[in-house]
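Q: Listed below, chain by chain, are the residues.
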Amino acid sequence: MSAKEVKTGIHFINGDEACCEGALAAGCRFFAGYPITPATEVAESMSRRLPEIGGIYIQMEDEIASMAAILGASWGGVKSMTSTSGPGFSLMMENIGLGICTETPCVVCNVQRAGPSTGLPTLVAQGDMMQARWGSHGHYEIIALCPSSPQEMFDFTVRAFNLSEYYRLPVIILADETIGHMTERVVIPPEEEIEIVNRRKPAVSREEYLPYEADADGIAPMANCGDGYRIHVTGLTHDERGYPAMDAKAQEKMVTRLVDKIRNNRDKIITTKNLFLDDAEVVVVSYGISARSSMQAVQDARREGIKAGLIKLDTVWPFPEDLMRGVAAQSKAMIMAEINGGQMVLELERAACGACPVRLVSNYGGAILHPALILGSISKAAKGKL
Amino acid sequence: MITAKTAKNLPPHPMDSLLRTERIPHIWCPGCGIGTVFSAVIHSVKNSGLDPNNIAMVSGIGCTGRMAGYIRLDSFHTTHGRALPFATGLKLAKPDTKIIVVSGDGDLLAIGGNHFIHAARRNMDLTVICVNNLNYGMTGGQQGPSTPLGAKTTTTVNGSPEEPFNFCYLAAACGATYVARWTAMQVRSLRSSISEALDKRGFSFVEVITPCPSSFGRRNRMGTALEMLKFYHGRSVIRSDIDPRDASMDIDREIVVGKFVDIERPTFMDHYEKVNRLNSPQWRAMHPDQKAR
Amino acid sequence: MTDKRERHILITGFGGQGIVMAGDILGRAATLYDHKHATMTQNYGPEARGGACSSQVIISSEEILFPCVEEPEILVCMSQEAYTKNVKSLRPEGTLIWDTDLVRTRKSDMSFKTFHIPATRFAEQLGTKMMANIVMLGFLSAVEPLVHADALKKAVLESVPPATRDNNLRAFTNGREYGQSIIKGTVEQEQAKLQD
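Residue numbers (numbering that gives the first Met the number 0), protein chains in the order written: chain A, 0 to 385; chain B, 0 to 292; chain C, 0 to 195.
Be a bit skeptical, because a hint or two may be false.
Calculated cross-link-like contacts (lysine to aspartate or glutamate; reagent style EDC-like; alpha-carbon spacing at most 20 Å) [as the list claims (entries may be wrong)]:
no.: 1; chain 1: A; residue 1: Lys252; chain 2: A; residue 2: Asp214
no.: 2; chain 1: B; residue 1: Lys273; chain 2: A; residue 2: Glu51
no.: 3; chain 1: A; residue 1: Lys260; chain 2: A; residue 2: Glu239
no.: 4; chain 1: A; residue 1: Lys6; chain 2: A; residue 2: Glu43
no.: 5; chain 1: A; residue 1: Lys267; chain 2: A; residue 2: Glu140
no.: 6; chain 1: A; residue 1: Lys6; chain 2: A; residue 2: Glu251
no.: 7; chain 1: A; residue 1: Lys3; chain 2: A; residue 2: Glu192
no.: 8; chain 1: C; residue 1: Lys87; chain 2: C; residue 2: Glu70
no.: 9; chain 1: A; residue 1: Lys260; chain 2: A; residue 2: Glu320
no.: 10; chain 1: A; residue 1: Lys252; chain 2: A; residue 2: Glu191
no.: 11; chain 1: A; residue 1: Lys272; chain 2: C; residue 2: Asp100
no.: 12; chain 1: A; residue 1: Lys6; chain 2: C; residue 2: Glu157
no.: 13; chain 1: C; residue 1: Lys192; chain 2: C; residue 2: Asp100
no.: 14; chain 1: A; residue 1: Lys3; chain 2: C; residue 2: Glu157
no.: 15; chain 1: A; residue 1: Lys267; chain 2: A; residue 2: Glu251
no.: 16; chain 1: A; residue 1: Lys3; chain 2: B; residue 2: Glu272
no.: 17; chain 1: A; residue 1: Lys200; chain 2: A; residue 2: Asp226
no.: 18; chain 1: A; residue 1: Lys272; chain 2: C; residue 2: Glu70
Calculated directly from the structure, the hints in this document are not laboratory data.
Working from the sequences, and respecting the hints, build out all of it.
A: Here it is in structure tokens:
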């Protein structure tokens, strides 16, 4: 039987494997990585699958090199990705910044485990939310997706590639150990039903082409290495030609575009799944594995007659602050459920801006949040006790 | 002195087709050895007969890293130390592209040292040119992995307490298929080595000992750029085909120059094809003459 | 909070016994062939072999949210350590299943529904104790039918190396037939080994 690029059908696989299949379905043909629990299965799956469909898998000397290699491969015109967990994600920060500055499409999957440092390698956490947002130096915008099931690992990895190709930046999948290692049904649709986005190519001649001159929507068409455009790509602040431009004016112009291409398109990028929002008095906001505990808690609360609702963040970055602001204005209270000391709750507080109380249900990692814990918080909030 | 204004009035240079002329003048100091190496690279590229659209240059950070900004090829000025892994990804995505990595001594072998040994071990098909000026030039002359024991830099005012690397010996030990060293004065040999390195399949490495008159030369009272060039040249001894272990790199005694390694070894892609593709049913169906290992 | 429609199974033993594989096969059978929802999660320490190991399987006709098995209704124990550690979590009305030769139970456990099978010995008789997990699945399919036996068989066949399919099928059948005869009462269960 010949190897398939898209394994259409119903599968019983874990989240890491689903991530690999999503990447291949999206057209990824290059993976560079370094083994790390709990993301190793992504690399292992890639190492088996890529060679059989004509792609390249390479295990680099570290995560710094892995991130650099996927940027290089992307400029070679090949969709590329890497996967890692906390310690490796820290090492990748420098070249994620290079990817942002040079507007290089690629995907980074971070299967989160508990930190700081080596922490709990085999146990769950969601402690890298702010690192994903701000971890590389300087100011920029990022896109990060949070899958809550192996199925979403597949779906969101496809979407991560599409977003990265369209908006030209490294897109981060912020999974967690439980989702990565959990085995469930994953339905892979027929190839023709999977929407694929490819980077915009220059429509002008080599003489006219300016590598960093954006179209009206803020996105610059991208020439790959070898296309004959003889591009220059640098992590220095640069002008439309891609040449270093060392002054405040050039900096303002470049960063404004890097930021605006995400900010101005956030309505197209952000997706959430909302449950019982119409009449909800207490709204839980959550993502990743915590969103499943939260959904259980919200359903249990409804059975107890409490008007609870849920916003599950599919995209955590950019943060859906407009939605949150609107919901906060109509809610008795909002609750953020997450496995860290309180990271996304800061965003929620900022968006709610005092319109309703905001409460955090969390632990520091090592175990997923129990629905009863979240239910307890919902009950209290419903009674006005905070 | 050539300024942006006067440069416009100069007659065309024979290398103009490979230069981003609109970016001249460059940032390098008068007397810097990078220009010599840059010109040798361009010369070799021009004489290689390769389509320039199929050649790319990748660099890291530092004075040498800026070469990528002046050459009219697809060129990538990446992060400090990371030119080699970036080039690795680029090469594997576009195996038919010839990739030249240019890097300073600190970029390539301090912050990038781990990448260097592994790229050489894998025998990545890359041509690596190292401009070794014995210190960190761009940041004002700090001690680096090639700074000679006792040499003065802004961070070793009493003399460096560390022993430097011998880059050629290291490259050879890690598995490079081509290893050569010249001083910036030996332009003809340098050009021919870069040309050979470009022709070579696998990890080829050319080290060039260059003057940094503004920093290393000034702090170590080595005189003008020309005096430094002559000094390094005077210390050099051509000894090709010796064991790279004996290719001494000691500015106080002897700088052994020449070609130390020129071997054939399967590249990463050679092995990858054999191990993976030959075991893939799809690939075997397409290549019925090949047998699985 | 655990929904009645959800079946919670905990399979336990030590690394190398195919505990995770057993959970995977059970979930696979439920998902792919019985068209139900199933979630399999696993707990493991840093050791690859010999450490305590468990796989948690939830099978449901509806979408599963919270994936942890906290109070299993079926507990399968394939090592003494796993038994000691996990028997406390079994629901009072739950079913305790163990490998006769590997676990000493307590008299008080007889308040559960109990079944045991010398799964490792059965597997050894077929040539390799590696198949003890498959014997156990066959036994489980008879004494606690969570999924259709055919579904489980299909899942076994697609999970084991092709060269070992026949042997694994025998292992499954042996376990299943032993279970069936105990249910029918045609075979007496061996005397369980009890703790002092």
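Q: Can the restraint linking A:Lys272 and C:Glu70 be considered satisfied, given a maximum Cα separation of 20 Å?
A: violated, 30 Å
Q: Does the structure keep A:Lys252 and A:Glu191 at a Cα separation of 20 Å or less?
A: Not satisfied, since the Cα-Cα distance of roughly 40 Å exceeds 20 Å.
Q: Taken at face value, is the distance from the CA of A:Glu251 to the CA of A:Lys267 at most 20 Å?
A: Given that 20 Å is the threshold and the Cα spacing comes to 25 Å, the pair is violated.
Q: Would the hint linking B:Lys273 and A:Glu51 be met if the CA-CA limit is 20 Å?
A: Holds: B:Lys273 and A:Glu51 sit about 12 Å apart, inside 20 Å.
Q: Does the structure keep A:Lys272 and C:Asp100 at a Cα separation of 20 Å or less?
A: With Cα atoms ~50 Å apart, A:Lys272 and C:Asp100 exceed 20 Å; violated.
Q: Keeping to a limit of 20 Å between CA atoms, is the pair of C:Lys87 and C:Glu70 held or broken?
A: Cα-Cα ~9 Å, so holds.
Q: Has the given pair, A:Lys6 with A:Glu251, been kept, meaning a C-alpha gap of at most 20 Å?
A: violated, 45 Å
Q: Run the distance test for A:Lys200 versus A:Asp226: straight-line Cα separation, threshold 20 Å.
A: Status holds; Cα separation ~10 Å.
Q: Run the distance test for C:Lys192 versus C:Asp100: straight-line Cα separation, threshold 20 Å.
A: holds, 8 Å
Q: Given the hint that A:Lys3 pairs with A:Glu192, test it: the Cα-Cα distance must not exceed 20 Å.
A: Satisfied, since the Cα-Cα distance of roughly 16 Å is no more than 20 Å.
Q: Just to be careful, I want the Cα atoms of A:Lys3 and B:Glu272 compared with a cutoff of 20 Å; is the pair within it?
A: holds, 19 Å
Q: Taken at face value, is the distance from the CA of A:Glu239 to the CA of A:Lys260 at most 20 Å?
A: holds, 15 Å
When each numbered hint is compared with the structure, violations occur for hints 6, 10, 11, 15 and 18.
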